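Student: Just so you know, the sequences run in chain order A and B.
Sequential numbering from 1 applies to the first sequence in the working numbering.
Sequential numbering from 1001 applies to the second sequence in the working numbering.
The set of hints was computed from the structure by calculation and includes no laboratory data.
Bear in mind that the values here come from a model prediction, so they are computed numbers and not experimental data.
Heads up, a few of these hints could be off.
So the derived label-pair ranges between C-beta atoms look like this [said to hold, decoys possible]:
1) B/1574 <-> A/355: 34 to 40 angstroms
2) B/1625 <-> A/16: 58 to 64 angstroms
3) B/1030 <-> A/455: 22 to 28 angstroms
4) B/1587 <-> A/103: 45 to 51 angstroms
Virtual Cβ for every residue (Gly too), placed ideally from N, Cα, C.
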Amino acid sequence: MLTGLLIIVPLIAAFLVFFLKGKNARIAALGFSVVEFALSVFAWYQFKTEPGCKLLYLDCTWIESLGVNFAVGIDGLSLLMVLLTTFLVPIIILSSFKNEYEKAGTFYGLMLLMQMALVGVFTANDGFLFYIFWELALIPIYFICLLWGGENRGRITFKFFVYTLFGSLFMLVALVFLYHHTGIQTGIKSWAINDLYEAGRSLTAAQQGYVFWAMFLAFAIKMPVFPFHTWQPDTYVTAPTQGTMLLSGIMLKMGTFGLIKWLLPVVPLGVAAWGNWAMILAVLGIIYASCIAIVQTDYKRLIAYSSIAHVGLIAAGILSWNQQGVQGAMIQMVSHGINVVGLFLIADILLRHTGTREISRLGGIRNVNPGFAVLFLIVLLGSVALPLTNGFVGEFLLITGVYGYNAWIAAFAGLTVILGAVYMLRSYQGIMLGESNSVTASFGELAPSDKAVLIIVCAAILVFGVYPQPLTDLAEPAVKTLLMSTK
Amino acid sequence: MIKLIGLIPLFPLIGFVINGFFGKKMGKGLSGAIASIAILASFCVAVGVFMEVNASATKTHVVDLFSWINADTLKIPFSFLVDPLSSIFLLIITGIGFLIHIYSIGYMHHDEGFSRFFTYLNLFVFFMLLLVLGNNYLIMFVGWEGVGLCSYLLIGFWFKNTEYNNAAKKAFVMNRIGDLGFLLGIILIFFTYGSITYGDVFSKAHTGSSTVITAIALLLFVGAMGKSAQIPLYTWLPDAMAGPTPVSALIHAATMVTAGIYMVVRSNIFYTSSEDASTIVAIIGAATALMSAIIGCVQTDIKKVLAYSTVSQLGLMFLALGVGAFSTAVFHVTTHAFFKALLFLGAGSVIHAMSGEQDIRKMGGLKKALPITYLTMGLATLAISGIFPFSGFFSKDEILAFAYEENKALWFVGSITSLLTAFYMFRMFFLTFHTSFRGTEEQKHHLHESPKSMTIPLIILAVLSVAGGLLGIPAAFHGSNWISGYLNPIIIHKNPSTLSHETEFMLMGIATAVALVAIYTAYNVYQKSKVLPASSEKEMRPFERFAYHKFKVDEFYAFTITRPLDLFSKALHKFFDNQLVDGFVEGVGVVVKWLSGVVRQLQTGNIGFYIFSMVLGIVAIIFWSILK
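Working from the sequences, and respecting the hints, build out all of it.
Tutor: Following this line, the structure appears as structure tokens:
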């Protein structure tokens, strides 16, 4: 019931906000998203007191002849993702307060619609429903990028749309294939996740291999994993800041979450046969993207590449398929979401205050606004995974997980520890340190909304870094159960 | 008292928070006072803890705070360990830390970033305390990276200067290289022993295969190389002198850089169990000691001389660790903390008086204007040169004695290093304080002894530098070698020393003679003959120039690593990523477009053509079904 509500509320909110204008639209959107966050906190409370209670699940028939059910539910894994979504959306909306978007009603309506689809993806327990939400999430973000994006948005957004859709179709084929293998004993076909698990595990090794690659392609494009990433930097740079935040903060987690819930438990033989290739791609991508990030001159593009590196490590952790790796991935998905929103807001602030994101043209902002320098530094430390920031907990577990898979791969993946420091510190020095110049001298004070967002992000970075228990409590048992079920 | 152990890092943390939020508004006096009091409070608790550990029969106490990271069998609590080793480090960190805080009040008085400086300093002490207090490797790692962050912030304290910023970044990145090794070592420990808590790991240490133990020992040592500036990861430390001088004293001499020693001593069981790892540690230590001592002989910046001396002394400590003399290494850490902190603070006092001048060629004759600095630094110079009965004599001779027993070649390298150390230290000393003044008139006019807040820490440290040897008077002098006995419970000894007292006395004699020769040479050259180091690079002899440029190691790294990485990344971006990978993706689009263009030709809009092709199709189907 509650889960249904979590999906319906943003949907209704989206329709209402569509008809509002200007400031009203964003305030209403913020209000609704806060309500949604409160709802998810209530769901968290319910889950804490009675995991698996009826309130958290909803299962009703949708298309009976095809065995499709509107089945959604919240377990530890999906709860983490739902909390991330509902926590980030209000922050993302708040971060837009200094940008005057035209047709604000549509803009915020699309964001809420997107939120609804994301919650759907994370809670769906029915393959058909999962696919519907998966594709539904693409539509609002497509329009956000297309209508409010920057230079060349038409071409870039089109590429992004076609590329991700291309991957999704492979997933659809795989899901239909699995569906046809359900109900071998009972004769009743079903899209229910457990039936799909059963169907997948009953396939021959070769069949599982095909399913593996078909699904992996969809998820890999979404994250993105090297070499399916070339849509990402352009799209991230061109999209309006809030669009980039939605894409990187939440939407890419659809891919990693998909791996955990919809791929690795489904075809264990396929993973056993092909997982190492996927692992190599993920780990290569870490170093590949880190190196490219080092030579970026546009700060937003630099973060875009760094995101590929971070996601590569998350994917590698998942593919190692042990407790530390998968749990680390869950925690890092949350941390990365929070940190990357902070980083993209910083990129936006730079652009708004100085008119450029070119690192070489900036410098010395710390002289002008030391408070901003501190907040920026904390976000940076979170993303280079300094201990006692949220990034470290996840990264440590991830590297440990990958080490459990293969020590040499872990050592290679661990180079991100060094390279991350290189590109992050280089850019920080270029932007913030040194003498201020004509571009940065008039940087000025931060807007209250920007300051609020950065403070919330920094607080989250430190709190979860020192005390990750709330995240661990959700992730640990859920991952354990999941791993047990596949052994 | 031990139950209150949490207070030790808490006080600096509180100081950090107060100064961080309100420091600017509070004014310098209050800001400096709060920071100093925070450290003093920690020091008091640390003294209490030390007394209790010293008195009680049980030497190790664990205090659990809360559980931090949990992932199935990987359980990492936030818990502290108090034992002889950590209690000694606690005293060094808070004691010397406090003195340096007091000193900084005077030294940083004119700086606009005064409260920011104390904010960072308190944060540093907090992380350093975590490093030594942690009861498992990951808490050590937290402190380890935390002090690295503070070091980064403090090296780049004057952040408007690009060169300083580069030095800060270099320090952080180089440390991170070591940290990766450390991290992998921790993970290997976890997979080998199922835990990373010291007690669990050490009690099971022998169950690991010898390959694994060697791997663990070496991975941890990679971390130590970074933090304690050993070959090949040492080049950041001389650059780190960009930070304010009290920082050089506290972080880059007395405490942080000795973290590597702490780590190896803490993990001594792995090193005693692995002959290979120990040998590597000893060789790298000896090589670092010798190489940086040579470089130290030709440097002209007073802080650079001290920086290379620090690298060299750290090398000696690793030499000690490599030959299994763990408690001796800690002994040398302690005495070194006294005299090297003093030397840096003294240098700070000199720089302060010289209005920022750091070049010893432009100093000279400062003893009259700076009597306290002169006297205290003189004592520290004697201590580091290993002259009896100053503290350095005892700790260094113990290292050399152990080295002699283990391997004569190591002993020889150690002795040469001592010779060079005594030489370059007195070279610096004579050039700075003796002969006549070589600075500008304006500087001469300005010369003054530093304020009390700076000279009192100098005097206290001087007393410690002189008397520090009392901690470890060897049996040959009818001493009890207290520090060795105190650390005994946590150290696994390979085999007891079999050196006779006669041999020990002989070694001491050689060492003293060597030091005296070196001092005499320095005296002859720089005091009596008034020789000045070459004023420009052109006047230097080839080898001198090569050493002056630190054997071009930085250039070598730039040529082999930094530049190629940049070029590789650029190529990866411009060519591979944009052209090849994305080109393929775009290519697919182009092909599809082209194909559609071709197929589109069929849609002519001519109904006759459509009917004609339909008929053709029907005929084809009929034929096909007949043939089948």
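Student: So, for every hint listed, does it hold in this structure?
Tutor: Hints, one by one, checked against the model:
Under the hint 34 to 40 angstroms, the C-beta atoms of residue 1574 of chain B and residue 355 of chain A, about 26 angstroms apart, miss the expected range. Between residue 1625 of chain B and residue 16 of chain A the CB atoms are about 60 angstroms apart, so this pair conforms to the stated range of 58 to 64 angstroms. For the pair residue 1030 of chain B and residue 455 of chain A, the supplied restraint of 22 to 28 angstroms holds, since their beta-carbon distance comes to about 26 angstroms. For the hinted restraint 45 to 51 angstroms between residue 1587 of chain B and residue 103 of chain A, the CB-CB distance of approximately 36 angstroms leaves it violated.
In summary, the structure is inconsistent with hints 1, 4 from the numbered list given earlier, while agreeing with the others.
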